[in-house]
Amino acid sequence: MKKDIDLLKKRNRRRRDVMEKVGSTGLALSGLIGLMFLSVLVWQIAIPTFIEGETGEVSPASEFIPVSEYILKWDHPTVDDNGDLIGDEVVLRLTWDDNGAERTHDVAITVTSERNLREDIVVNESGVSTDAVTVGKKTKFYVQSSLTVPVEIEQLTGPVPAADETGSPAVSSFVISADVDVLVSEGELVSHPFALVAWVVLLVSIVLLSYPVTPLLKGMESLIGRQRMLRFGSYGLGVLTLLAGAFSLEAYLGAACWVVSAVGMNRMLEGMERLRSQGRDITQFDRLKHSITNREGVLLWARMLLVFSALFIPLLVDIPFLTERYQDIFQPYASGIRSAFFGTIWVMGIAMVVSMPVSIGAAIYLEEYAAPTGMTKLIQALVTNLAGVPSIVFGMFGLAVFVKQGGIGMGLGPSILAAGFTMGVMAMPIIVLASQEALRSVPSSIRESAYGVGCTQWQVTRDHVLPSAMPGIMTGSILAMSRIMGEAAPLVVVGAAALVLFDPEPLAGITGGNLNFTVIPIQIYFWTSEPEHAWHSMAAAASISLILLLATMNSVAILLRQHFRKRLNP
Amino acid sequence: MSEKIGGEVVPDSTRELDIDGELDLMVEDLDLWYGAKQALYGVSLPIAKNSVTALIGPSGCGKSTLLRTINRMNDLIPICKYEGKITKGDVVITDKGADLVELRKNIGMVFQRPNPFLKSIYDNVAYGVRLHHSPTREQLDQIVEKSLKRAAIWDEVADRLHDLGTSLSGGQQQRLCIARTIAIEPDVILMDEPCSALDPIATAAIEELILELKKDFTVVIVTHSMSQAARVSDYTGFMYLGRMVEFNKTEKIFSEPDQELTKRYITGRFG
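Note that the protein sequences, when read in sequence, are chains A and B.
Final position of the first sequence in our numbering is 1210; the numbers increase by one with none missing.
Final position of the second sequence in our numbering is 277; the numbers increase by one with none missing.
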């Protein structure tokens, strides 16, 4: 008998071990597949860039396009503000073959500190147009050739242009890795000093609030009683940052840093004061942290700010591919997804504004107010089915209702507005179902307690039910948003364009103007259908950008959910 | 009249409802159904002002249902229907057009499981006050402090008023719920087994509190513990299968009950 049980135990244990192994192998495999998937995308980008990459020659792109362009860019000026030379002068030598005879021409380049100053060099049958050009730093200018033979460019003297270490200028191809030179670039302060200090202070206070260090706490103790000074000082610095930064994006972020760190520090001091008044040691980190975080979740603000700055830094740092370059039909590597990126942001924004209030309102009505009549059940069934309708059908709906003029059509045309509305309608059933689920899972004791003190139904919903349902509603909404962010099919029907060479105008559907727009999935779709290999690598780069955008949105969703959860059960 | 149900002789709801002192609330001939199932059969109950009335009886006898009908909490259950009359002074609570907000402000309720709002301790108490009055900041501070002191929890939470109410222990949460209820100055406090989720020490604290509250409020308490009913209440109603079997002064019920059923219940021979 005992033997049997032992055998059984042994067998169970073995089975458990096997399951354990299968589980972990499965996890490892899925991780591996994910990695492979990513590396395929990276490989797609890498092949043409590094193996078939440009060699520093200017060559005509094809017989039909006589002019070819060669892009150059210097990061730092070669003359100071008075026009005096700093370091070596930049001289380019252009060499080409003129019916058997070799011709050369030297061009002197003056780089000034003024940005966006541009002067191009033109090469044609009669030679080079100019002997000297003046351009601004960090500004691209072009060597344009209308010859049918390649032109070689050699730099004789001076510092090498940007993105080049070999000495010869390179075609500027897309660079996804961000040059993190927001704050300091080669010893030169790019950021405003106030904003810079604000970031540093924010960083220090986040570290201090998350991982208090005893000596620092002892130091801070001396500040107790001077909270007011600390607070108003920081607010003053925030205002100064705003004024000094002339209301730039960076100034806003800097001012926000001041305020957040001031509030955080203030809370910390309050917590220390409380600990001291209870006769406890101020270095009791857990209590201290609790006293800071419990009320408003300052740490969360800080983390949120970090996430949002992670969203903003690419804009500051300039990822040319994402935010600077439009599509260039002649040179894949000089192309970017600027118009698609902004198109996606606008479509998402409009969809969110349209769908969230309506859907959450509908969920509240269906869950809290509607009497369980046949009509309600019918609506419920329709909403549930709507969530499973293929996305292309929503595209047809958008075409009929938002795009077309006449009948039930609103006549917005194939515009951002029509696309945003269509996507919003597509998100609605998903958000309604998620919100209903969240509302349903609010325990009835919460409703009872609120009714017990004499709340009206709306007060119960607003003050008690909604806050507890918020994590679910938020998660559902953001997941719906990230689902429609990746949708291409409905927008093909609504009429997204393949090639857009300007920033989309969000209100063009009403105000008139250029209706054309595109979004990242559409851009990927059209690029993959191009015959040239180079476009496929661009599509891969765009895919990675889309994945990063989605990952950012989802991490915001996770943070929000954690924040609300923490408020519910600390 | 009496019926024989499940081997027990169950008398009709009692008509002997004598109380000393002033009448606060009167329940008359209340019948109540959950869907097709009848839960209360002609129950009547007088509730005396500034006293503690306890409702005892085995599980499922309708004690909580009766209590929840008094402030019309049962309206939240769609299948619940009732006939009969509950009056408080001139106000007929069971009227269709009764002002439920005003009613629940005057008749506060403490639930079986402590259910503080997902707000800070301060806001838990202040919420109801803000809802019904518009106090200034100082008045509000005073009301919160006074209510927490009356609920005998002030000393434990004074230094963490801005922590979440749910971060307290079970007994503290229940006292916080009592503080929340008395902050809006009701006339009557209904308590639905307030100690069932608590340990003996917290229970003792709440019982002491109930005796204290009696001075200012009328308390109706549903309890499973007969010793608790004997300790805190002035009047006791014994319910069985939806009938009010016996109602009388507590000492009478526990010393010489009229009904055989009551006697057997309080001596622990059934139920």
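Please keep in mind that the hints were generated in silico from the structure rather than gathered at the bench.
Keep in mind that this is a model prediction, so the values were computed, not measured.
Note that CB positions come from ideal geometry on N, CA and C, so glycine has one too.
It cannot be assumed that every hint is accurate.
[As the list claims (entries may be wrong)] A few chain A residues facing chain B, derived, Cβ under 7 Å: (1) A884; (2) S1085; (3) S1089; (4) V1093; (5) G1094; (6) Q1097.
Practice problem: Please flag the earlier hints that this structure goes against, numbers listed from lowest up. | Solution: 1 and 6
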